[in-house]
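Asks: In order, the protein sequences belong to chains G and W. The first sequence runs 1 to 734 under UniProt numbering. The second sequence runs 1 to 734 under UniProt numbering.
Some clues are possibly wrong.
[What the hints assert, rightly or not] Here are the computed lysine to aspartate or glutamate pairs in the EDC-like style, where the Cα-Cα straight-line distance is at most 20 Å:
id, chain 1, residue 1, chain 2, residue 2
1, W, 346, G, 156
2, W, 494, G, 47
3, G, 132, G, 89
4, W, 346, W, 328
5, G, 346, W, 199
6, W, 354, W, 401
7, W, 32, W, 47
8, W, 356, G, 401
9, W, 74, W, 199
10, G, 494, W, 448
11, W, 346, G, 490
12, W, 346, G, 157
13, W, 494, G, 405
14, W, 346, W, 405
15, G, 60, G, 34
16, W, 346, G, 151
17, W, 346, W, 393
18, G, 356, W, 490
19, W, 602, W, 328
20, G, 494, G, 312
21, W, 619, W, 669
22, W, 164, G, 401
23, G, 65, G, 89
24, G, 494, W, 394
25, W, 74, G, 490
26, G, 346, W, 157
27, W, 76, G, 151
28, G, 164, W, 401
29, W, 564, W, 642
30, G, 619, G, 606
31, W, 76, G, 401
32, G, 76, W, 673
33, G, 74, W, 151
34, G, 346, W, 220
35, G, 31, G, 75
36, G, 76, W, 328
37, W, 494, G, 448
38, G, 164, G, 89
39, G, 494, W, 405
40, G, 346, W, 156
These are calculated hints, taken from the structure and not from any lab test.
Chain by chain, the residues run as shown.
Number of protein chains: 2
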Amino acid sequence: MNRLKLLVVVLFSAVWAMAQTTGESNKEVWKKQESPDGNVVVAFGIDNGRPCYTMRFGDKEVIRKSYLGLELAKDKHASKGKEETDLMDGFELLQTAWTFVDNTWNTVWGESSRIRNHYNEMAVNLYQPDSKRKMTIRFRVYDEGMGLRYEFPQQEELNYFIVKEEHTQFAMAGDHTAWWIPGDYDTQEQETQETKLSEIRSRFHEAVNWGNSSVSVFSETGVQTALQMKTDDGLYINLHEAALVNYPAMHLNLDDKTMTFESWLTPDATGNKAYVQTPFNTPWRTVMVSDDARTMLSSNLILNLNEPCKLDDTSWIHPTKYCGVWWEMIVGKSSWNYTDEFPSVKLGQTDYAKAKPNGRHAANTERVKQYIDFAAENGLQQVLVEGWNIGWEDWANRWKEDVFDFVTPYPDFDIKALNEYAEAKGVKLMMHHETSSSVMNYERHLNDAFNLMNRYGYDAVKTGYVGDIIPRGDHHFSQTMVNHYQYVVEQAAKHHIMVNAHEAVRPTGLCRTYPNLIGNESARGTEYEAFGGSRPDHTLILPFTRLQGGPMDYTPGILETQLKTWSDNPNFIHTTLVGQLALYLTMYSPLQMAADLPENYKKYADAFEFIRGVPCDWKQSIYLEAEPARYITVARKAPYPDVDCWYVGGKCNEDGHTSVIKLDFLEADDYYDCTIYADAKNAHYEKNPKAYTIKKKRVKKGDVLKIKQAPGGGFTMRLYESNPPVKKIMLIAQ
Amino acid sequence: MNRLKLLVVVLFSAVWAMAQTTGESNKEVWKKQESPDGNVVVAFGIDNGRPCYTMRFGDKEVIRKSYLGLELAKDKHASKGKEETDLMDGFELLQTAWTFVDNTWNTVWGESSRIRNHYNEMAVNLYQPDSKRKMTIRFRVYDEGMGLRYEFPQQEELNYFIVKEEHTQFAMAGDHTAWWIPGDYDTQEQETQETKLSEIRSRFHEAVNWGNSSVSVFSETGVQTALQMKTDDGLYINLHEAALVNYPAMHLNLDDKTMTFESWLTPDATGNKAYVQTPFNTPWRTVMVSDDARTMLSSNLILNLNEPCKLDDTSWIHPTKYCGVWWEMIVGKSSWNYTDEFPSVKLGQTDYAKAKPNGRHAANTERVKQYIDFAAENGLQQVLVEGWNIGWEDWANRWKEDVFDFVTPYPDFDIKALNEYAEAKGVKLMMHHETSSSVMNYERHLNDAFNLMNRYGYDAVKTGYVGDIIPRGDHHFSQTMVNHYQYVVEQAAKHHIMVNAHEAVRPTGLCRTYPNLIGNESARGTEYEAFGGSRPDHTLILPFTRLQGGPMDYTPGILETQLKTWSDNPNFIHTTLVGQLALYLTMYSPLQMAADLPENYKKYADAFEFIRGVPCDWKQSIYLEAEPARYITVARKAPYPDVDCWYVGGKCNEDGHTSVIKLDFLEADDYYDCTIYADAKNAHYEKNPKAYTIKKKRVKKGDVLKIKQAPGGGFTMRLYESNPPVKKIMLIAQ
């Protein structure tokens with residue numbers, strides 16, 4: 001990373017002003033900071049000792065006067081009574097510092113190779129005379145929003161404290177439309193609701209995914225971040241957090257009389273929220289705002305509020321396209337477990353050698369070789385294999401500690417031979433660690449498990465946290481669990497292992513700091529298409545919400561959208577076939593799965609050609625069209641040297657959409673060869689999903705293309721310069 | 001261990017009888033088993049579907065009709081409603097099996113080199129027709145008591161269950177005198193109370209050690225095991241448990257109207273007690289009984305109910321006498337922490353190199369060398385060093401996860417040089433791992449910490465669990481924590497490391513199965529003498545209670561009983577100087593500390609001579625006199641080959657005691673050289689503690705010695721054959 005650090009260009013960084021303003025607690029004092037373009041204005045105030053703030057976008061109110069502060073829990077061990085005095089009121093403003101920063105950093109992978117971090121900052125240093133404690137609130141104001149966080153310097157009167165609740169308010173200026181999922185301490189796998197804020201309460205119960213393996217809702221107006229909203233006058237507002245480290249994940253609870261959200265942290269088993277040792281900074285609480293929905297998608301505000309990369313060497317981290325032994329189990333045709341004979345399993349005691357195989361176990365040597373062959377033939381770098389290790393007969397939600405050992409393969413999975421076979425074909429296996437949420441058990445085996453990966457040549461692991469957390473009573477998104485996910489990512493980095501964590505806490509941009517965190521699930525993924533389906537607009541909301549914090553392992557590419565054609569599963573995919581292709585562009589991830597079965601890809605070989613070629617890493621991305629839950633169209637420049645090559649993709653909801661694409665982003669003064677994958681005229685995600693066309697044409701910069709997307713459909717397009725040697729491009733595109 | 005296993009002589013083992021007795025649930029059915037000597041009789045019955053039992057000793061009732069069963073918690077994930085049906089009633093007796101066993105096993109260390117395991121067994125196989133579930137209750141009846149446990153075979157209708165509470169009753173036949181400490185989920189460091197059962201409630205509040213770093217009492221009639229009682233007609237009854245594995249520790253709650261104790265398990269953070277996967281056996285619930293208090297001490301019932309040794313190689317396990325950098329901190333003259341400058345510490349961030357030493361840090365290279373020299377000069381094998389590693393400025397009860405890393409020494413502790421220095425002198429350092437009860441943190445560092453020990457040559461670790469448990473909400477004696485302590489012992493065994501765990505769960509004889517568990521604290525140790533003192537009878541109760549489960553690292557040997565002579569601490573030891581010597585014999589442990597400062601031992605060099613010589617491992621032990629809280633006198637045969645050498649020790653309470661010792665246990669038909677360490681005529685633990693005499697005399701088998709012990713005093717005696725080469729004995733005694 002040193003090389004990259006050197007490339008960071010600090011354009012400006014200076015202190016503007018410093019004002020001594022002590023003793024102003026009894027009247028309202030306001031200090032302001034505005035964005036570089038002057039359009040976003042954040043004001044901080046003290047109202048009778050209570051810190052508060054407002055936020056405007058141009059002449060529009062984004063955040064009405066909202067209070068800030070933390071309520072502390074009594075620490076039974078505290079020797080000083082003061083330590084449980086709340087950090088809510090009684091504050092004086094000691095000092096305000098204004099700064100502006102403009103620099104650019106290089107990504108290890110991402111939607112663009114370089115990111116500009118341009119903001120104006122205001123830090124207010126507060127003092128609570130009664131307790132003799134200091135607290136700073138820092139604001140960073142960007143053209144597309146702002147972040148604020150609490151900072152606690154080390155100080156005699158505040159070495160440790162327990163957070164009972166954080167009371168950061170976000171007072172909305174109206175009854176906005178919101179795209180929300182229920183606040184839940186353990187799952188994020190719900191279908192997003194689109195309602196007015198005032199309608200959250202009445203919609204809440206049906207919005208909960210009661211069938212999930214672990215559900216812990218806390219309030220009928222509790223919602224998760226990232227929360228996307230739209231005001232009646234066309235402002236897009238997004239609430240989230242950045243750099244969630246050593247602190248619980250934040251939910252938002254709405255006072256639906258005043259339309260004021262307030263932070264609601266995830267508790268531990270005792271009900272406390274966070275345990276803090278100073279010096280400490282909370283995560284950033286972010287408010288993104290724009291009058292253009294595309295800005296919500298192109299903004300790097302969350303990434304920019306995270307710390308720079310902490311890994312010295314990132315050469316081993318690589319965007320990865322993979323297939324895997326997975327979808328056939330999700331659909332129900334195959335099984336993770338090897339046998340049906342065991343009513344329960346005890347690791348080290350259950351004898352698999354004598355067990356009768358059930359004949360449905362997919363992670364067997366022969367079947368995995370087929371996937372390896374398929375990957376090798378199609379330029380996919382890795383093959384995920386789930387169900388390779390013993391324990392799956394009996395794994396989820398039995399409150400069992402020793403569920404998996406992460407090192408012992410099933411009798412029919414020859415780990416050595418398969419890794420050698422894969423290596424000989426230029427492919428890697430991808431490791432799978434389902435923890436069953438038995439976290440202490442996973443940590444006990446972690447080092448051995450990573451050593452096994454190193455021994456056989458795995459360099460990526462998909463982790464899973466299905467079921468309730470052990471230590472029992474804890475929650476998926478608590479401070480302790482946040483620390484656990486972080487621990488796994490850091491330990492993995494020491495082993496040069498990339499991590500794709502499922503059911504872990506939603507990402508908050510930490511992949512900037514630890515770019516080996518190449519993926520997360522943390523939302524309703526493609527698997528739900530096999531469980532009953534997700535609405536066609538689902539993937540048109542996720543980029544506004546879930547993806548704000550980092551990439552999702554959504555596992556697209558199900559070209560055989562009707563599952564009954566090859567299984568007993570009656571469900572179908574809620575996109576057209578081309579809609580599945582579009583997801584590789586509209587849902588950015590450095591980790592992309594070609595999730596369907598090799599057999600199915602053979603049926604749609606010409607469409608699969610697109611998946612084979614599409615990159616997972618980009619030099620630049622331009623959002624051309626966007627509206628939450630309606631449509632998203634994006635152009636992405638491939639990271640090929642010396643060749644201007646673009647991919648354009650669009651995806652729409654059940655209403656269909658006609659994209660008008662002006663090719664003014666093309667750089668070369670040259671013709672481009674263009675391949676368009678589009679829905680056929682009468683295509684429809686439910687009635688006629690697999691009707692598609694593939695057309696080639698020659699275009700040039702400035703041309704306008706009009707492409708019709710079917711209901712639940714989409715399109716993709718590949719453009720490359722005609723004149724540079726085509727052979728070279730094709731090689732790279734492979 | 002294979003060698004030892006071969007030595008086990010199975011004398012008898014046969015099935016007596018097998019009776020089919022189905023369908024007897026509606027009337028009272030009774031099945032009996034008696035001890036080998038016929039004196040103890042246990043009867044099992046079914047009373048309207050409820051399992052129950054009674055126990056007699058000769059013609060005396062020990063346990064009145066007492067019910068057995070487990071109440072289950074609702075498992076929200078259970079697919080079958082049956083799984084939360086209690087295992088309390090609705091049972092039929094399917095079958096009863098009677099067996100008798102008599103074998104002998106060799107100890108790795110202990111009060112004797114061989115232990116006879118002689119019992120009659122009765123297993124009742126029960127069936128609950130409504131739920132289609134099976135449960136076995138197994139009784140093992142010994143001449144000095146019995147153990148019972150619940151067994152759950154793997155079965156379709158009972159793969160998993162959650163224990164809400166175990167309801168094992170122990171109905172006492174009268175208002176016995178009891179020696180008890182308050183039931184507490186987190187500490188055992190209370191002063192024992194001696195009251196009638198009916199007086200527990202009124203004494204409870206003052207019995208709680210409210211000042212302990214972690215206190216969780218649960219009932220005003222809740223007490224801990226091992227609980228020693230005495231009936232008005234002279235029976236000694238002891239309730240405890242054996243083989244506590246993967247289950248929470250059991251407390252006892254008294255119904256003081258009916259004088260019935262009932263099991264009360266330690267909960268986890270959610271309030272549940274245990275999570276069970278079948279096949280599973282609970283720990284044994286033990287009732288020891290005798291009309292002779294000495295039998296309470298000589299019994300090996302708890303050890304016998306544990307599994308045989310599971311370690312293949314035990315050659316690296318050795319009884320150990322040690323001194324250490326410890327008492328000077330406990331007394332307050334020195335500090336564990338290196339500096340007084342840091343209000344708090346963050347590992348990896350706090351820079352110790354720049355910190356100003358406080359000048360009181362005892363674990364410094366120079367001071368540790370003095371201890372090493374002292375150990376080498378006096379035949380002590382190891383030197384414990386506490387406060388060697390960074391973090392002590394700020395460690396206990398701050399709810400802080402990353403308290404210690406267990407590998408980074410303070411700047412003034414040269415770990416490499418000190419281990420080399422010790423090795424050159426034939427001494428080892430003893431490692432210290434204070435976890436501050438941050439259990440996940442300890443497990444994360446465990447492998448590195450043990451590797452560090454292996455690298456430098458440490459082979460024993462003292463662990464500590466001060467403060468509330470992290471994961472927060474959990475308790476020291478819960479199932480998860482029981483599993484943690486077990487995990488540490490097993491991991492340590494892989495590294496050939498012996499474990500002495502402080503503040504961990506009270507032992508239940510597991511040292512038979514894992515003999516590298518060479519010590520536990522789990523009670524109020526000598527440290528409390530520096531915190532205000534423990535009553536003189538304290539160490540006359542512990543052998544009846546705490547020591548039933550295994551040895552205690554009591555850290556005796558404080559010869560300078562008046563702390564003010566060398567410190568600002570006003571407290572004094574509540575024994576005479578000779579009383580301290582006696583503890584090496586009356587409180588058996590393979591791990592014995594010479595806990596006082598080297599400087600103090602120089603003041604009492606002739607008395608220290610006894611500590612230098614006394615073994616920590618014995619060929620045979622004979623309890624000569626015993627009465628709980630009054631006096632204990634024991635004779636122990638040293639494990640020297642070819643030489644008959646005995647040590648005799650007596651300890652008494654504040655009333656003093658005159659021991660009459662008949663030397664009929666001596667084996668050789670020869671004179672013995674006898675050295676007697678005794679209280680001087682006017683000695684008294686408070687008024688004149690350091691008045692002692694050392695006399696030598698020549699005795700022979702059958703002689704009777706009368707030795708007067710002062711209030712709070714004791715005596716010790718060493719006898720060895722006069723004729724075998726004295727040189728050889730002296731050599732061994734060194």
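Asks: Quick one: which hint numbers does this structure break? Sort them smallest to largest.
Replies: 2, 4, 5, 6, 8, 9, 18, 24, 25, 27, 29, 30, 32, 33, 34, 35, 36
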